[in-house]
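Novice: Protein sequence lines correspond, in order, to chains A and B.
Those letters in the first sequence? Residues 1 to 293, by UniProt numbering.
Those letters in the second sequence? Residues 1 to 293, by UniProt numbering.
Hints may be right or wrong, so weigh each one.
Identical copies look the same in the list; a pair holds intra-copy or inter-copy alike.
Dumping the calculated BS3-like pairs for lysine-lysine here, alpha-carbon to alpha-carbon at most 27 Å [stated by the list, open to error]: (1) 254 <-> 283; (2) 267 <-> 283; (3) 283 <-> 10; (4) 192 <-> 274; (5) 121 <-> 10.
Simulated from the structure, these hints should not be mistaken for lab results.
There are 2 protein chains.
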Amino acid sequence: MPSQNLEYPKQPFSTVNRYNNRASYSLQQIHQIINTTHFLNVSFVDPDSPYPVSIPMIGHMGSFDRPSADTGDVLDLYLHGYISSRLLNLSRNHGSSSPPDGGADQTAQPGGGSNGNSSTKSGLPVTVAATHVDGLVLALTPNNHSYNYRSATLFGRAAAVADPAEKQYAMRLITDAVVPDRWRQSRVPPTKGEMASTGLLRVTIEAGSAKIRSGMPGDERFDLENAEVTGRVWTGVVPVWSAMGDPMPGPDNKVEHVPGYITDFVKDGNSWAKETALEQATKTMKPKGKTED
Amino acid sequence: MPSQNLEYPKQPFSTVNRYNNRASYSLQQIHQIINTTHFLNVSFVDPDSPYPVSIPMIGHMGSFDRPSADTGDVLDLYLHGYISSRLLNLSRNHGSSSPPDGGADQTAQPGGGSNGNSSTKSGLPVTVAATHVDGLVLALTPNNHSYNYRSATLFGRAAAVADPAEKQYAMRLITDAVVPDRWRQSRVPPTKGEMASTGLLRVTIEAGSAKIRSGMPGDERFDLENAEVTGRVWTGVVPVWSAMGDPMPGPDNKVEHVPGYITDFVKDGNSWAKETALEQATKTMKPKGKTED
Chain A
1 MPSQNLEYPK QPFSTVNRYN NRASYSLQQI HQIINTTHFL NVSFVDPDSP YPVSIPMIGH
61 MGSFDRPSAD TGDVLDLYLH GYISSRLLNL SRNHGSSSPP DGGADQTAQP GGGSNGNSST
121 KSGLPVTVAA THVDGLVLAL TPNNHSYNYR SATLFGRAAA VADPAEKQYA MRLITDAVVP
181 DRWRQSRVPP TKGEMASTGL LRVTIEAGSA KIRSGMPGDE RFDLENAEVT GRVWTGVVPV
241 WSAMGDPMPG PDNKVEHVPG YITDFVKDGN SWAKETALEQ ATKTMKPKGK TED
Chain B
1 MPSQNLEYPK QPFSTVNRYN NRASYSLQQI HQIINTTHFL NVSFVDPDSP YPVSIPMIGH
61 MGSFDRPSAD TGDVLDLYLH GYISSRLLNL SRNHGSSSPP DGGADQTAQP GGGSNGNSST
121 KSGLPVTVAA THVDGLVLAL TPNNHSYNYR SATLFGRAAA VADPAEKQYA MRLITDAVVP
181 DRWRQSRVPP TKGEMASTGL LRVTIEAGSA KIRSGMPGDE RFDLENAEVT GRVWTGVVPV
241 WSAMGDPMPG PDNKVEHVPG YITDFVKDGN SWAKETALEQ ATKTMKPKGK TED
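With the sequences and hints as input, model every part of the structure.
Specialist: Next up, the structure:
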């Protein structure tokens, strides 16, 4: 399946209007941004407050029905954490055109996840944002200053995961997203108490978009032709990335050497993050107005 | 003024409920987190969509009326960017108990900013979130895995800045937040066209909170007494911080050497970010249930 070609449909709430030459709707590109940031910003409407709730959470894209799916396939987002049952209940019929199925709890029906064919629209509408800052873009004038960044936003319906098998799938997915292979290397399986005390949410995605700025600063001819200005104002990019340091053992640690799967992850993660920031600094943007590469 | 002691009032929407031993309402602490992240996540309700709008923006705390105010004082948040005038207009009377003053544009009244005495509550309600990830906390069991982090949330009303003097104050505040002293070192003042094309928002803050996790992993006695588990599972913290690389000159740059104010900023910023992550890894949390240090 040529999954790298899939795109999210453009909805009124998901379409990038300003600087739309920076926009992408590619599942591959959006899911990759979501999967490589340390945290996601999850926001949703609280009917009792004028302010949306906005909280950092840990999450990862996955498919319980088809665990071998690629990053560019249709996937669900799994989030680690609780959202109060009051809000999940309140949201149950929000925006739904079908009658509520009385008596069920607030979790979505099993199998309602990855198939992209959810007609009931139950669950709490959440907006999930992930942002990599790749560089500070320093131009001749404050107005042309910018950031290089890769940001992604997903729009979907969140429901608590109740099925123990799906819950354990999501726990492993998220643990291995913190450090690859960490699940297998830690004390598993979780006890019944641990399973019960862990909150996991499945978000069925309705739409998504990414917005990316890369490259060097651009200035007006007016300033570029002013030798006094160009002679004193340095212009370029200060690359930015998320770095990891040497692992620091805790007071209860009994393992003498840091295992290779952790040191490799730190080394490879740092190289990838730095290289990406440097690449983004020199990568040319497609010009405004064009919609294809 | 002992500004470091000021706290935001606890509102229903701003009170941290889960892990409230990690909560802080200190203006100093919250504003410092806001001012040291590269970007802020701004979310607000769109009445036409079940999903809140959630976008990364650049911003900084400041006071136009009292520019010399400290980080821990009552301040406004200035954001760089546009929010559609449709939404700003829609929000004008949202939640307001006073009648609209007909004929005025959608900006707040001058002086309605820093005094903390805004009775009209005009402006778009926005939730602003800033998050530093300080480390990956690797415990014996997946359940006790965590992140070290410092996150802050502000709740306030956003209005477009119209007064040219306040606009230029905010432009300078935000430019100098990207790289200290950058405003003075670039081509200023902005032209009339640059002033007109720059969107700036002032957020009058109603409440705020911070949530901080620091320190090493904690595990259950059950696992700590299991030699098979402690003998093979490494536990500790992988510190995480935002790093900056060597400045990369752009194709139009004519300044041979990177100026000292930029190289110093990169060097000092990297040291501060790394030291903070290492300090947070070894800093003990206050125990659950206690509300004071």
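Novice: Looking back at the hints listed earlier, which ones does the structure fail to meet?
Specialist: Structure breaks hint 4 only.
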